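Number of protein chains: 8
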Amino acid sequence: MRDDGLLEVLEQVARGAVAPEDALARCRLAPVEDMLTGLTLDAHRAVRTGLGEVVFAQGKSDAQLRTAMARLAETGPVLATRVDAGQGRLLEQAFPGGCFWPEARLFTVGRPLPLDPPWPARGEVLVLSAGAADRATALEAFGTMCFFGLDAGFVADVGVAGLHRLKPHLPALDAARLIVAVAGMEGALPAAVAGLVRCPVLAVPTSVGYGVGAGGRAALQTMLCSCVPGVAVLNIDNGFGAGAFAAKYLRR
Amino acid sequence: MRDDGLLEVLEQVARGAVAPEDALARCRLAPVEDMLTGLTLDAHRAVRTGLGEVVFAQGKSDAQLRTAMARLAETGPVLATRVDAGQGRLLEQAFPGGCFWPEARLFTVGRPLPLDPPWPARGEVLVLSAGAADRATALEAFGTMCFFGLDAGFVADVGVAGLHRLKPHLPALDAARLIVAVAGMEGALPAAVAGLVRCPVLAVPTSVGYGVGAGGRAALQTMLCSCVPGVAVLNIDNGFGAGAFAAKYLRR
Amino acid sequence: MRDDGLLEVLEQVARGAVAPEDALARCRLAPVEDMLTGLTLDAHRAVRTGLGEVVFAQGKSDAQLRTAMARLAETGPVLATRVDAGQGRLLEQAFPGGCFWPEARLFTVGRPLPLDPPWPARGEVLVLSAGAADRATALEAFGTMCFFGLDAGFVADVGVAGLHRLKPHLPALDAARLIVAVAGMEGALPAAVAGLVRCPVLAVPTSVGYGVGAGGRAALQTMLCSCVPGVAVLNIDNGFGAGAFAAKYLRR
Amino acid sequence: MRDDGLLEVLEQVARGAVAPEDALARCRLAPVEDMLTGLTLDAHRAVRTGLGEVVFAQGKSDAQLRTAMARLAETGPVLATRVDAGQGRLLEQAFPGGCFWPEARLFTVGRPLPLDPPWPARGEVLVLSAGAADRATALEAFGTMCFFGLDAGFVADVGVAGLHRLKPHLPALDAARLIVAVAGMEGALPAAVAGLVRCPVLAVPTSVGYGVGAGGRAALQTMLCSCVPGVAVLNIDNGFGAGAFAAKYLRR
Amino acid sequence: MRDDGLLEVLEQVARGAVAPEDALARCRLAPVEDMLTGLTLDAHRAVRTGLGEVVFAQGKSDAQLRTAMARLAETGPVLATRVDAGQGRLLEQAFPGGCFWPEARLFTVGRPLPLDPPWPARGEVLVLSAGAADRATALEAFGTMCFFGLDAGFVADVGVAGLHRLKPHLPALDAARLIVAVAGMEGALPAAVAGLVRCPVLAVPTSVGYGVGAGGRAALQTMLCSCVPGVAVLNIDNGFGAGAFAAKYLRR
Amino acid sequence: MRDDGLLEVLEQVARGAVAPEDALARCRLAPVEDMLTGLTLDAHRAVRTGLGEVVFAQGKSDAQLRTAMARLAETGPVLATRVDAGQGRLLEQAFPGGCFWPEARLFTVGRPLPLDPPWPARGEVLVLSAGAADRATALEAFGTMCFFGLDAGFVADVGVAGLHRLKPHLPALDAARLIVAVAGMEGALPAAVAGLVRCPVLAVPTSVGYGVGAGGRAALQTMLCSCVPGVAVLNIDNGFGAGAFAAKYLRR
Amino acid sequence: MRDDGLLEVLEQVARGAVAPEDALARCRLAPVEDMLTGLTLDAHRAVRTGLGEVVFAQGKSDAQLRTAMARLAETGPVLATRVDAGQGRLLEQAFPGGCFWPEARLFTVGRPLPLDPPWPARGEVLVLSAGAADRATALEAFGTMCFFGLDAGFVADVGVAGLHRLKPHLPALDAARLIVAVAGMEGALPAAVAGLVRCPVLAVPTSVGYGVGAGGRAALQTMLCSCVPGVAVLNIDNGFGAGAFAAKYLRR
Amino acid sequence: MRDDGLLEVLEQVARGAVAPEDALARCRLAPVEDMLTGLTLDAHRAVRTGLGEVVFAQGKSDAQLRTAMARLAETGPVLATRVDAGQGRLLEQAFPGGCFWPEARLFTVGRPLPLDPPWPARGEVLVLSAGAADRATALEAFGTMCFFGLDAGFVADVGVAGLHRLKPHLPALDAARLIVAVAGMEGALPAAVAGLVRCPVLAVPTSVGYGVGAGGRAALQTMLCSCVPGVAVLNIDNGFGAGAFAAKYLRR
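Protein sequences appear in the order of chains D, Y, P, W, E, U, L and V.
Letter 235 of the first sequence, counting from 1, is numbered 348 in my numbering, and no numbers are missing.
Letter 151 of the second sequence, counting from 1, is numbered 264 in my numbering, and no numbers are missing.
Letter 49 of the third sequence, counting from 1, is numbered 162 in my numbering, and no numbers are missing.
Letter 148 of the fourth sequence, counting from 1, is numbered 261 in my numbering, and no numbers are missing.
Letter 159 of the fifth sequence, counting from 1, is numbered 272 in my numbering, and no numbers are missing.
Letter 243 of the sixth sequence, counting from 1, is numbered 356 in my numbering, and no numbers are missing.
Letter 152 of the seventh sequence, counting from 1, is numbered 265 in my numbering, and no numbers are missing.
Letter 247 of the eighth sequence, counting from 1, is numbered 360 in my numbering, and no numbers are missing.
Hint data in this document are derived by calculation from the structure and do not stem from the laboratory.
What you are looking at is a predicted structure, and each value in this text was computed from that prediction instead of being measured.
Don't take every hint at face value.
Label pairs and their calculated CB-CB ranges [as the list claims (entries may be wrong)]:
no., chain 1, residue 1, chain 2, residue 2, range
1, L, P233, W, E187, 23 to 31 Å
2, D, A132, P, Q206, 25 to 33 Å
3, V, A132, W, P231, 39 to 47 Å
DSSO-like mimics (lysine-lysine), calculated; alpha carbons at most 30 Å apart, straight line [said to hold, decoys possible]:
no., chain 1, residue 1, chain 2, residue 2
4, P, K361, Y, K361
5, Y, K361, D, K361
6, L, K280, V, K280
From the three backbone atoms N, C-alpha and C, an ideal C-beta is built for every residue, glycine too.
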């Protein structure tokens, strides 16, 4: 309710067309209505700008998942994350043209995913995976980027102990505009990489590990404490978040 | 043992009718007895005031659960919470007229539950559920309110990312005397809603989430730290507690 | 920007009055503008409804504090919380008619506070303080309620070990519509009181304690875990929050 | 090696009977040997004093468990704790005269356990169980006491919400020399009981609970923070520890 | 309100002497009144049984502290714990015959404390202090025992690294009915001692330490996890609690 | 040592010019030497690329701080962060042309800082500060950006409760390529802003808060758990880190 | 790129043989290339020095595991750790001559493991296992040492409660150059042993335990806090790490 | 009490020279006496082997500290750690020939410390300090080694960001038999160094840092989680522990 709207209501009250108490209720609700109107349109905008909307499958019942996917699929391509094997089978039946990537736990409708290697090892954004067990989260990031149409690359098995394996990828590292480094245990990869490159690094800790490293909190803390400038951190196992940040970063 | 009771004992001792050591024991136990008498009657009062008594099923053996339900069912309607699928089947056999609501994990005897949607989207107390995975806890709150006979409403899928979906519910939000907001992950819903409404908001964190959000502690902390006045918080996943608070609030 | 607004822009574009790229920018910003408009009016409403606005003094520089108070004091009574001794002296100089309550760490302009006992021991809302060291937080709650014009009472020194001191206050407990129980260490007071009364109880843990009780986390957890129905919890030391919840609760 | 032993060695060195380097080695090892000798005899003493030795079954392989039981059974009665169903069956086959108590997770050889209720509700030491789900730990404490030959009683379902059920047990509470209170969730039972009785109270938190109460840490902290004097605390779920403490306490 | 009381009310209602609504209010309040009556008398009993009441000075204002001490001093000897230097001076002025023990942070009225060494090194209860920095807490325990009139002993500097210093105290250890072991850092003393003696051991962790040992949590956990039977644990730095447990134990 | 280098060594060994053990040592050290050579040059490159080097003053002695600044000032402009008042005075004396910004805790040599407001409210990167107490960290970010020569803006007091104050800044928000949102307590600002804008958001939690919000962990967790895509997180109070990330982002 | 390399490039630029921008790219990448060259050779050196490389099986897919083993097996003996039963069967099929040790969760190719007892009870390095449930981790350490060709011994069941069982092993303890003590629960074994021997002790906490001991954090903290000098600590359950430390220690 | 001792007692009982109950007491105490005898001699041995004994000054009163130093100084050189400025002055007065090293917080009697640089940059054991703020802990380690007479070196300012500064120290790194790496914040130095050298590395986290790095827990966890083999960890800030481990390591 803009100021003129308020004026209008007051005039209606003045000429007896609206009872004061009804006017009061309208005045009270109007600003909230304005705000939610804003949010509603903003949601539409998200669709229009082409990022599409994303479904977090974990914790959803079969019916909830299917309904959410179907509703969104009417307006464009859809991405679902954290899709387990059972949910994947369900969605494959419900959306015959859909695409299920079990290792990355992604399912898409309306836009295919690069299910099989080899994947490009360079791009505007480059995803690095430290260990074998960090691969699922790293592929979630990579697959999300592909869904959003980014020019993305993927390089595996370059944990701190295997940092030398980055050597053939040096030109790719130097050319990237953003690097996503995914690592569990002590989580030292992002800082090590940030010391090598000029572009910023997104750090994604994973829940892989044991002892004090179990659950990913040690990796998370290492990444947050990094003394090497140019590192920002995502939630544990949040490969999707890194992909979405990259999309906002590269699409401006 | 009131003062006159003490006097009586002393007089009995004086005239030799009671040995001093027996008197001592009585004096020592009397106040505790008074206290527990108080507690006993207070428990009866709980039944009399119509709230009924409630059974927490989780961790109970089949025999314990059946016995607890049967004992209480003699005096009026009974509610059991945290009833898993196996316990639900057991209770359905034991109490053929009972009512099992698997999603809300509730079982009642002597008072039916609104098992199937549509549920009213307005009421003196309104339960808001943020995400699909928060629904079980939100329905536990809603079902508890129904058991206690409250005028309760239920609105789903209005997490922070979907806050605009609240728009058609604005009059209901404005009319409510209490709102219960259920959310996991970052737990921002209660504060967002508290900024929109005039009535107080009960915040219920859920254990839904991953990474630092796993287990519900992050949501709990966000809710406790909220700068928006008018928010109080329940334990993680404690939908029943929100329902019971609402009952005490609205039945005065 | 409502739908008709969108239509209008499109028509302007159609007749060449607005360049498409300018229209795009307006379309993109419009919903956000709507939302923030809503928030702006909503802030005004907070003032109109009489709750006034509140300043959290802790961490503010002297200049920030004085400015914030002065700005709000133009539109009505103001409350500042967490005002330490130095800030209190500063504000007393800046606002000669103001009222500083050191123990409760409150400062008001335009509405006096009940600085000296005796305070009423009954009211629609009753604040209970467990131990001597919990008094500051309990008085923050009580003073906040007074600022908001509530019918509030205050009873001190009724921790679990001194619960019997509640006896003369029984009629007040029975008459209250809301009780706020403030306690540190093991935090058992709210549950004990909730077992005695029919109205709901707000539990406020305090940071008073030592060993595993230091900082208030043990009290907080006890209060959240309470099995007695009808208890909701505020942040540690958040007496203001309990007062604000009470205001929203009792003023509907 | 006592002082005279040291002297003897030196004399042997003096008269050439022992090479200095051999003497050095003996001198170095002697005190450690003394200490371990002490420990060895002390272990024997544990057997002689009649407490018998105890096997912690959890985490043991079948072979390890059977061997440990067999070795100890040669010298007297044996108690195994934390015996799961599979281990229980294994031990029943290996020790046909043994006694398996599944709910208490105990197995004994050479001394029967009171497998079936009713159990005495009074004794020198009295075990109180708060909720249905705390019963396993409470029975572990009670069964351990029976194994050690104590005069023990057991009372169930007297959690804070059911404290009034203690009323018929008042004389037993007053007569006990030690009370063991077992509780999960908010863990308030021990302090409540300690306020009623003259004897000390051992508090045993259980891992039963949910939300911030999950795992037993909230109950543990409440018990440690208790303001009521006369409470000491065992590890979470450590019913055996309470039984062993009682044995040392009552057998002096 | 006993059953006959309830009957009486009902009869009064029956003959019109009491209006039903007044009867209802009385019925509702009566059980709570009974309970609080019980608690009141129980508090008196605590005084009568000679344990006296205890004031926790930490966090109390000067006025609160002086008032609390004065009120209790009317009925018998009083003990205040956690009395800092400033509070001690204040109390010495207020209670000229009082006794202030700075190292133990205790102040008594009506019963002197053994301020100066040598202290007896044996007794029914024996307090062992691990390191120099644990001495304050250990003396709090020892002083509390002296206040309660126990036959208590004190032995210092027998931490794990100095365990051999226990040797001359062996007969005292063997004769004790209860041992209190106070230790910080890794907290291994209680278990080591429990392996040497037949009586139970109360373990008191202290907040002395650094790194992961800072604050006392590591010591607390070690003590709770002890595999040696016969150990129960108090809160960090809770020397008073150990003294009070001993008093309840030894005075039965 | 490249392969040809290795060959050369082997040839020298073959013709007896180098002893095998010396060759072994050289072979062993060579690769490490290569690596550290790389690091050395890389450090030089950091200087050449114009980012300059940065000194973290906290925890440095006066001599350490002065020496570090002097060494770097020889090669170009220098920035020191976390400079407290005493260190600031010291550096002002040592570097008369230097620039000390107390509120931002920054000191520079060779490049001035914008010490006084007004600061631009728009730029390629925009820093938003939630509350008054978050300003120091936000200015650390803003000042760092200015030192690195970025086109940066600063907007204060737009916490969740004051989000409507963003309205006049909408065009600036829409035009920014990166937004840094700094907030303490519940830390909800970054997610709220990320829902309004198209560019990515760096979230910086601050240690401002009390109760469960004290120290900044609650804010950190909220930011990590955010469901709104496009948010990455820095360490608590790490304003410098956000500035450095922005520099790497915008200078590519 | 050494200094002469840099010079060469500059000369090439000077004589027009290389375009400046190409030279810039080479200069930028050269130091990183040097560093990664170093790392590459360093990795080779690890193989040459005979320690071989090690595969961490946990979290690897079957394909990943098989590939990693096959690649390394080409250059020498390989060790895989954390091999579960299923992975063991897989590897046994893939590497018929391999050696699977289920209890130690180790698999080797090219070097057999001492699968069956009796194992030597003395050696340059001696592994002590506290309880039955700590054996898997202790054998991981022992097996790792055997793989690396160390002179290693193994002694089981010498937890604090069974410390006297060390007596026959005194000469072995005295002769060892390094001792590895593996323990869960309260983790007191390493400090107890360090008090007996002259050589340093590596402490390995295990995740065995319950209550506050669950997960191994209590044992870890105890070991870190140990007052007995000469103890250093590995991650929870990290038997391999202790074996590798021993290899580096003893092979110098 | 060896077996023959036991026999002797029994014979005395047999011939009536000793009453059975006295014999019983002797039998019960004998093994404990043996053990403590062992410990006593073992303590003496510590002195004889030349390591001397060490006083932890933190938390000691002036009197306690002076007494402890004086007692030990009678038998040889003494080292006190964690000596603050005030304690240092006190000790300088009490022991005029003593040596106080404020930065390392060490005080010695009977053996001088290398108070002033330059210190040797190589030795059998080499201490590396990451940042300026880690120097105090690193010097505590270095000074302890000097006190124990080790061949120790010290290299400062080689944190991960300054790793290239290690280059001139390569031969020293290669020659060392043990390296101690001291670091705060993200604690990555020890793993980085362990990847460069053949000898094992002791990692000492420091409490230096802010945000999630405050207190040293993040550095501790990183060090424990390190994937690079050959790293063992000490408590936070425990420089002395590293020095003592080195002494045991190098003096065998």
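Here's how the hints hold up against the structure:
As the Cβ distance of L/P233 to W/E187 is approximately 28 Å, the hint placing it in 23 to 31 Å holds. D/A132 and P/Q206 have their C-beta atoms about 49 Å apart, which leaves the hinted 25 to 33 Å range violated. At roughly 46 Å, the beta carbons of V/A132 and W/P231 sit within the given window of 39 to 47 Å. For the suggested pair P/K361 and Y/K361, the alpha carbons sit about 16 Å apart, so the restraint of at most 30 Å is met.
Distance restraint check for Y/K361 and D/K361: the Cα-Cα separation of roughly 48 Å exceeds the 30 Å cut-off, and the hinted pair is therefore not satisfied. The straight-line distance between the Cα atoms of L/K280 and V/K280 is roughly 49 Å, outside the 30 Å bound, and the hint therefore fails.
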